[in-house]
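Enquirer: So the chains spell out like this:
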Amino acid sequence: MHVDPYEKFWMFAAAGLIVLFASSVVYGAFSYAGHPPSHVETIDPSTARTDPRFAELGVVEKPDGSVEVVVLAQMFSFMPGEIRVPAGRPVTFRVTSPDVIHGFQIVASNGNATIVPGYVSQFTTTFAKPGEYLIVCNEYCGLGHHLMSGRLIVEEGA
Amino acid sequence: MNQREPTNGDHPRGTLAILAIYGVLFAAAWMAVYFLIYAPRGGVHP
Amino acid sequence: MIDRYDASATGVIDIGAATDKSPSAVGASWTKLALANFGVAITAFGIAATIAVMQAMSRANADLPFRSPRIFYLSVTAHGFLMALVFTTFFVMGLGYVFARVSLRRPIEGERLGWMGFWVALAGTLMAVAVILAGKASVLYTFYPPLEAHPLFYIGTTLLVVGSWIWCFVMVQSYRAWRRETPSKPVPLPMHGIMASVIVWVLATLGVAAEMIFLLIPWSLGFRETVDPVLARTLFWWFGHPLVYFWLVPAYTLWYTVLPKEAGGKLFSDPLARLVFILFVLFSTPVGLHHQFTDPGITAGWKLIHTMNTYVILFPSFITAFTLIASLEIAGRARGATGLFNWVARLPWREPFFASIALAMLIFSLGGIGGAINAAYGMNAVIHNTAWVQGHFHLTAGTATGLTFMGATYWLLPRLTGKPLRLPAFAAVQPYLWFVGMLMFSIVNHATGLMGMPRRVFDASYGGHPAAESWLAWTGLSAIGGVILFASAMCFVAVVVATITNRRGGDAPAFAFAEPVGGTIRAGTILDRFGFWTIAAVVMIVLAYAYPIFDLLRMERFGAPGLSPF
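Residue numbers (our numbering), protein chains in the order written: chain A, 1 to 158; chain B, 1 to 46; chain C, 1 to 566.
One thing to keep in mind: the hints can contain errors.
Pairwise CB distance ranges, derived in the manner of DEER restraints [said to hold, decoys possible]:
hint, chain 1, residue 1, chain 2, residue 2, range
1, B, R13, C, P65, 55 to 65 Å
2, B, M31, C, A494, 36 to 46 Å
3, A, M11, C, G135, 46 to 56 Å
4, C, G27, A, M11, 42 to 52 Å
5, A, G65, C, P218, 46 to 56 Å
6, A, P5, C, E469, 46 to 56 Å
7, B, A17, A, D64, 55 to 65 Å
8, C, G519, B, A39, 42 to 52 Å
9, A, E61, B, M31, 33 to 43 Å
Simulated from the structure, these hints should not be mistaken for laboratory data. Heads up, the beta-carbon is just placed ideally off N, CA and C, and yes, glycines get one too.
Looking at chain A on its own, in the form it has when it is part of the complex (with noise of 0.2 Å):
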């Protein structure tokens, strides 16, 4: 096949441009933890409000210093409805729904995973700045979807 010589300029220049794209991609999720939520673990929707993993919900402070949040999305509320973490520390968040896929979204942060009945979503990250973070629903889950939402209040110190 005869490709003009520009043609062929610009086709290297692309998959240079596509090249940087991928490795770029590549060494952020290893360098320095760049992934999606990705948690691989199921839960009976039914029973999910009582499953031992869901029974107590909100903060809870590992012995190894860092955070876990248990939270519970359902139509139409985050439960807890607001949520203090510490800055500058590790927090893990755990999440399902008894109902409907719901989004959880911490707005201004990398944290947005879907949260699926069914299984139980998970991501850690730390906050950086203090400050109330807006956390909103963002799958449709019904007509009171864009009344879901919460907040996350992180705090300097401790």
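Using the hints, position chains B and C against chain A.
Expert: Just chains B and C, lined up with the frame of chain A:
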């Protein structure tokens, strides 16, 4: 059939110029979101 | 002897008497079949556009009568369904009949089957639309369970797909008949594009068909209690990503084969166009997990593999950009331009078809940048399910495809009906209205998405939270963009209605495809095959999906029962 494009033997230099600008814009936009928004917000362990 | 592909010195194709009674497209039986499909497409578009403007204003909290969450989420479902599944599928089917008949210069093989496919698809469409409008299927065009719609929604959508499969069969039979008769030529480029579209579609719809037949239809009819939502989503997005290439490859076919001709240039490279179509056949489907980056139940490793496949699929579009801009450069320089850029101004910007395609390409270039950001694995979390997403897909689906199909209608109607385009001033300004409206709408939504505003929400005030205040300041602009888009859509519908109701018929302009610089490929060579590449595409799909799906199936999973909170 003539093997060369009928632009008086020229190659499509306007096209290459346009795409060079586009390629730079493309990379800049991607890198901007990556380094100015995504990376500063911190890593997420799956 | 006139070369049958490179038809004549003027590139005009004599579609010939063949076995048709009419020497031109006007009044021919296949033309009626094509027009029926286009008719449904454009009607769906008009209705969906009306729904859209109300939606855009509603999201800016405009005080419209009947505004309510129930109506809003119903309208989001209707708009998505009509635009993404009905307008597109029927338009592509119509285009397939035109390209097959005109470029192969032989009758469609199975016109009656084609009609059967049309009626099945239409019946399914009406079934699904009826239950959507009745408020029994406000599950959005992605219909993720456990949200449960009325069974007729799933059955109707399945019938739409079945009707399109019948179209696929007719396309393949027409191609094979031509191939038997013409072994010494490579398949004409327009039909190459249609065949690529057919292969992409058949492989894609396997996913959604499995989702419908094994999961959703039995579940909605009460034969199964629960459905696993992650398995359902995985099968949907197996389909959902190549769906966009089912829209894009026909648009690219118009860009490659008609645009250079209408612009007064030549196609810069025919072989590269074929390579591009084959790359889409290979990479359209094994990328679907990039719509599920934030999903549980699927490991990061497989999401990363789909990310790499997604970056590869940027490549055929980059090639397309060069080939087409170079083709236009030929056109501009043929009009005497000698500078580096001034040939752009010499192009026929007042011609509705040219303006539509050129502006669609320009807007698509922005969509590509956004797409590369969406595909960036971890970085996807910055924009997932935010307003950025609707900003993005209105550039790609809405404009690269939508604006192209509107412009193509201006090219098709006079040729198929013998009626000149009416309201030419509307037709000339319509693409520019779309361009301005779309830039406004899309840029604002990209921005508010980066600020974190979620998509698909009736009201984004969130009790007055400061974050919400920041993005609500912009939704008014997005609504204005929507109103301008609506004006453009109505101009388009007006031109179509005025044209087809005009009684005066003249000589239909001839169909003519672009001549390639440097000729085409040899018949039967690797780029002129479909069986081989289809098998390769199947292998790619198996490599990308077999293990993640197998992994899901062997986990202890608990399905969820259906709920209909709408």
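Enquirer: When the structure is checked against the list of hints, which entries are broken? Sort them ascending.
Expert: Checked against the structure, no hint fails, so every one of them is satisfied.
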